[in-house]
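K.L.:
Chains as they are written, first to last, in my numbering: chain A, 1 to 244; chain B, 245 to 601; chain C, 602 to 782.
No lab work stands behind these hints, which were simulated from the structure alone.
Please note that a few of the clues may not be correct.
Said to hold, decoys possible - Derived pair list, reagent style SDA-like, types lysine to any residue, alpha-carbon separation capped at 20 Å:
#1 249/B <-> 756/C
#2 604/C <-> 515/B
#3 249/B <-> 669/C
#4 746/C <-> 760/C
#5 249/B <-> 755/C
#6 249/B <-> 682/C
#7 487/B <-> 711/C
#8 689/C <-> 476/B
#9 711/C <-> 682/C
#10 226/A <-> 19/A
#11 689/C <-> 669/C
#12 86/A <-> 439/B
#13 746/C <-> 649/C
#14 728/C <-> 764/C
#15 192/A <-> 180/A
#16 379/B <-> 472/B
#17 249/B <-> 631/C
#18 540/B <-> 587/B
#19 249/B <-> 635/C
#20 540/B <-> 561/B
#21 379/B <-> 404/B
#22 689/C <-> 472/B
#23 746/C <-> 248/B
#24 478/B <-> 466/B
#25 249/B <-> 758/C
#26 249/B <-> 760/C
#27 379/B <-> 587/B
#28 249/B <-> 768/C
#29 689/C <-> 466/B
#30 9/A <-> 515/B
#31 590/B <-> 668/C
#32 249/B <-> 746/C
#33 86/A <-> 249/B
#34 751/C <-> 248/B
#35 689/C <-> 515/B
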Amino acid sequence: MKKVFERPKSLRQAEFTYCPGCIHSIIHRMVAETMDELDITNRTIGVCPVGCAVFMYEYMNCDMIEAAHGRAPAVATGVKRVLPDKFVWAYQGDGDLASIGTAEIIHAAARGEKISVVFINNTTYGMTGGQMAPTTLVGQRGSTCPAGRDPEHTGYPIRVSEMLATLDAPSYIARVTPTSPAGLVKTKKAIKRAFENQLAGKAFSMVEVLSNCPTHWRMTPIESFKWIDENMTPVFPLGVFVDR
Amino acid sequence: MTNRKLMKGNEAICYGAIAGRCDAFFGYPITPQNEIPELMSTLMPDNGHVCLQAESEVSAINMVYGAASTGKRAMTSSSSPGISLKQEGISYIAAAELPCVIVNVQRGGPGLGNTQAGQADYFQTVKGGGHGDYKVITLAPWSVQECYDFMPLAFDLADEYRGPVAILMDAIIGQMLEAVELHDNFEIVDRPKPWAVTGMRERDHNVVNSLWIDVNVMEEVNLRLQARYREAEKNEVRYAEYKVEDADMVFVAYGCSARVCRTVVDLAREEGIKLGLFRPVSLYPFPSNRIAQITKSGCSFMAVEMSCGQMVEDVRLAVNGASEVLFYGRTGGVVPTPTEILDYVKQVYDIAANPTS
Amino acid sequence: MLKRQEVKIVGMGGQGIMVIGQLLAHAALIEGANVVWFPCYGPETRGGLAECTVIISSDEIGSPVTSTPDTLIAMTQPLLDKFAPTVKPGGVIFVNTSLAQPPKYRDDCKIVEIPANDIATELSNPKTANMVMLGGYVELMKPVKLESLKASLKEVLPEHNHRFIPINNTALDKGAEVTSR
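With the sequences and hints as input, model every part of the structure.
P.N.:
Take a look at the structure:
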């Protein structure tokens with residue numbers, strides 16, 4: 001019998017502890033598949049964040065570093081600078097990358113660090129209990145904005161991809177979402193492109209993945225996918241912002 | 245003679261780092277340590293190593309975390325306010341059991357303070373400035389020569405005890421010009437680092453981590469760290485003494501304060517006052533046992549610091565009530581002069597020399 | 602060589618205070634003495650206070666700073682006013698009389714008057730007033746040999762200023778002439 005589907009070699013024999021329907025699981029698998037396809041697992045150092053993906057080092061079958069909250073781009077910089085021949089990726093959520101770690105991501109991008117970043121934007125702090133994030137939409141509820149985000153009080157969501165696209169150094173910046181079969185294909189392609197760029201010696205790449213949080217959004221997974229398409233993509237338009 | 249060169253303590257740190265086979269330097273500008281990132285920005289690439297100016301002290305220490313994770317010898321330098329910013333990273337580095345070297349050229353504080361010399365970061369450095377139960381082996385050079393000599397030692401200690409090692413200086417030690425011999429009498433030990441993340445090849449994946457959800461595992465990690473600290477306390481105590489044997493009162497001072505006190509010892513002895521100087525070279529581990537021994541001579545002690553009194557607490561713990569422990573300090577960037585210390589000694593001398601009278 | 606010399610050199614930023622201190626320190630180094638040079642700057646990059654201390658000794662040097670120097674070299678009036686009272690009784694105060702009045706109130710000190718800027722201007726390079734003062738100090742107090750100072754110029758001056766070594770040598774000599782009289 002022909003095997004048509006199996007666990008990527010870059011994933012360990014460990015069960016994901018994510019909530020049912022969470023997009024993290026999909027993106028973890030894509031990162032692992034991409035490492036398999038590019039045959040880089042044995043030369044990869046992955047850097048994982050603080051947030052729901054904090055245990056990523058238990059899932060990925062490559063060398064891993066667990067970074068302090070928001071510091072993954074700085075940690076990845078330290079690794080890549082001393083081991084320029086190795087493959088280095090960082091994986092961060094929106095609280096990690098767009099709030100506490102804004103300086104780190106902007107300057108890693110501005111320096112053109114030869115790293116690949118996967119940015120999971122689900123407009124919420126999942127692990128800590130659904131608090132307001134820097135990417136929370138206006139009017140969206142969270143445990144620290146129970147009446148909905150009020151721009152008079154806490155401003156507006158940050159569009160990280162557009163912001164980093166103003167810099168000269170990055171080689172690839174794209175925003176994708178895997179809420180449809182076509183979106184899944186595009187997401188995988190974007191991650192592969194970001195990884196290939198690093199292998200080609202190109203500067204900083206980042207893929208922003210619009211993601212869900214069915215638990216804190218209080219939706220079924222299917223509803224949450226629909227919510228991304230209807231509410232998030234108008235604020236965070238999909239597309240390729242930098243490709244050079 | 246031929247190798248004697250005039251340079252600043254900050255510059256000697258850089259040459260010492262090269263001698264100690266430092267692979268990577270990550271820094272951020274702050275006075276009075278700027279000579280370090282400035283010189284490193286040419287010295288490191290000239291020697292085929294990495295030097296990068298980070299966007300903040302926070303990033304610099306996290307770049308050190310990344311580079312050290314790969315088993316490379318990594319360091320950063322800063323001054324007091326910048327070291328405060330690095331504390332998060334230092335705690336993570338200690339927890340992840342990563343070797344690295346952190347140079348602190350202390351200035352006047354607290355707050356933005358000033359760029360003159362201070363020693364008020366003793367607590368922060370020696371007692372663990374970040375969160376959690378960890379210690380930082382700390383060396384305090386008092387000369388430009390020691391700035392050079394201590395760097396290879398610091399990297400070796402970091403590797404041996406798998407943790408951050410601090411070089412605690414001050415604006416004077418960092419900025420003064422003095423003769424230094426750039427010798428190569430170092431025995432650098434290349435320790436295997438099987439824990440390093442370098443890409444897997446023929447082994448299971450390595451993880452550099454400071455997260456242990458299971459409290460029992462976390463406690464084990466803590467106990468492992470503590471066991472290493474006990475080893476360091478056994479093997480890595482360093483100190484120097486000057487005319488302690490017959491002294492009625494012994495200064496305890498490190499770095500610049502110790503230099504000043506050495507002059508006071510000479511001035512006082514010219515007047516028949518028998519002072520001595522005990523200089524802790526390792527601030528952690530603190531030379532408590534030796535201080536306890538010295539109390540048996542019946543002398544009293546005076547801690548002298550450019551702070552309101554921080555190291556003096558460790559002196560009191562070491563003396564443990566066996567002798568009188570006095571304190572003289574100037575703070576906020578003020579360096580005590582030999583004459584003012586001598587005047588103070590004369591004020592308290594009779595009391596201290598005869599504590600029962 | 603004297604057993605121990607503590608000299609404080611003060612002036613405004615830009616007058617070459619640090620460089621003559623370093624030159625003195627380097628000369629002491631090549632003569633095999635122990636030496637410490639320590640700077641104190643104001644926060645301004647230009648025009649602020651500039652102060653450095655040089656301690657030269659045949660013994661190991663303890664304190665790298667002193668509040669009561671044996672010798673003061675003062676390049677301007679405000680800094681002279683600030684530091685003249687700190688000089689040890691019996692000490693020596695070198696005054697750049699082109700820019701400062703001698704502190705007559707320190708009648709317990711030897712006061713040496715050198716119109717350094719005037720002399721430097723005669724040499725068509727007013728910037729060498731610092732070297733004139735240093736030459737005068739070294740000739741009188743002899744902490745190091747004048748030749749050692751001259752030999753140190755190429756070590757202390759940055760390479761792009763090496764073309765000024767001849768004029769600096771002349772300025773050192775002119776200063777020495779003042780105090781050798």
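K.L.:
Does each hint hold? Answer for all of them.
P.N.:
Consistency of the hints with the structure:
1. The hinted pair formed by residue 249/B and residue 756/C meets the criterion: a straight-line CA distance of about 10 Å does not exceed 20 Å.
2. At roughly 19 Å between alpha-carbon atoms, residue 604/C and residue 515/B fall within 20 Å of each other, so this suggested pair holds.
3. The straight-line distance between the Cα atoms of residue 249/B and residue 669/C is roughly 28 Å, outside the 20 Å bound, and the hint therefore fails.
4. Proposed proximity of residue 746/C and residue 760/C is contradicted: the alpha carbons are some 23 Å apart, above 20 Å.
5. Proximity of residue 249/B to residue 755/C is assessed by CA-CA distance (about 14 Å); at most 20 Å being required, the pair is judged to hold.
6. In summary, the hint linking residue 249/B to residue 682/C is not supported, as the alpha carbons are separated by about 35 Å, beyond the 20 Å threshold.
7. The suggested pairing of residue 487/B with residue 711/C is violated, with an alpha-carbon distance near 36 Å, which exceeds 20 Å.
8. Straight-line distance between C-alpha atoms of residue 689/C and residue 476/B comes to about 47 Å, which puts the hinted pair past the 20 Å bound.
9. For a cut-off of 20 Å, the pair hint linking residue 711/C to residue 682/C stands: about 16 Å separates their Cα positions.
10. This hinted pair checks out: residue 226/A and residue 19/A have alpha carbons roughly 18 Å apart, not beyond 20 Å.
11. Using a Cα cut-off of 20 Å, the hinted pair residue 689/C and residue 669/C holds, with the two alpha carbons roughly 5 Å apart.
12. Pair hint residue 86/A plus residue 439/B holds up; C-alpha atoms about 17 Å apart against a cutoff of 20 Å.
13. For a cut-off of 20 Å, the pair hint linking residue 746/C to residue 649/C is broken: about 31 Å separates their Cα positions.
14. A distance of roughly 14 Å separates the Cα atoms of residue 728/C and residue 764/C; the hinted pair therefore holds under the 20 Å criterion.
15. Taking the CA atoms of residue 192/A and residue 180/A, the gap is near 18 Å; set against the 20 Å cutoff, the hint holds.
16. Of the supplied pair hints, the one linking residue 379/B and residue 472/B holds, its CA atoms being roughly 10 Å apart against a limit of 20 Å.
17. Note on residue 249/B and residue 631/C: the hinted pairing holds, with a Cα-Cα distance of about 9 Å set against a maximum of 20 Å.
18. A distance of roughly 26 Å separates the Cα atoms of residue 540/B and residue 587/B; the hinted pair therefore is violated under the 20 Å criterion.
19. For the hint linking residue 249/B to residue 635/C, the alpha-carbon distance of about 12 Å falls within 20 Å, and the restraint holds.
20. Between residue 540/B and residue 561/B, the direct Cα distance comes to roughly 15 Å. Compliance with the 20 Å bound is thereby established for this hinted pair.
21. Restraint check for residue 379/B and residue 404/B: satisfied, since their Cα atoms lie roughly 14 Å apart, inside the 20 Å limit.
22. Restraint check for residue 689/C and residue 472/B: the C-alpha separation of about 52 Å exceeds 20 Å, so the hint is violated.
23. The hinted pair formed by residue 746/C and residue 248/B meets the criterion: a straight-line CA distance of about 19 Å does not exceed 20 Å.
24. Distance restraint check for residue 478/B and residue 466/B: the Cα-Cα separation of roughly 19 Å lies within the 20 Å cut-off, and the hinted pair is therefore satisfied.
25. As the CA atoms of residue 249/B and residue 758/C are separated by approximately 15 Å, the hinted pair is consistent with the 20 Å bound.
26. A distance of roughly 17 Å separates the Cα atoms of residue 249/B and residue 760/C; the hinted pair therefore holds under the 20 Å criterion.
27. Simply put, residue 379/B and residue 587/B have alpha-carbon atoms about 37 Å apart, too far for the 20 Å limit, and the pair is violated.
28. Restraint check for residue 249/B and residue 768/C: the C-alpha separation of about 26 Å exceeds 20 Å, so the hint is violated.
29. The hinted pair formed by residue 689/C and residue 466/B fails the criterion: a straight-line CA distance of about 56 Å is larger than 20 Å.
30. Between residue 9/A and residue 515/B, the direct Cα distance comes to roughly 79 Å. Violation of the 20 Å bound is thereby established for this hinted pair.
31. With a C-alpha separation of about 19 Å, the suggested pair residue 590/B and residue 668/C falls inside the 20 Å cut-off, and the hint holds.
32. With a C-alpha separation of about 19 Å, the suggested pairing of residue 249/B with residue 746/C holds against the 20 Å cut-off.
33. Note on residue 86/A and residue 249/B: the hinted pairing is violated, with a Cα-Cα distance of about 40 Å set against a maximum of 20 Å.
34. Restraint check: the Cα-Cα separation between residue 751/C and residue 248/B comes to about 19 Å, which is no more than 20 Å; the hinted pair holds.
35. Straight-line distance between C-alpha atoms of residue 689/C and residue 515/B comes to about 18 Å, which keeps the hinted pair within the 20 Å bound.
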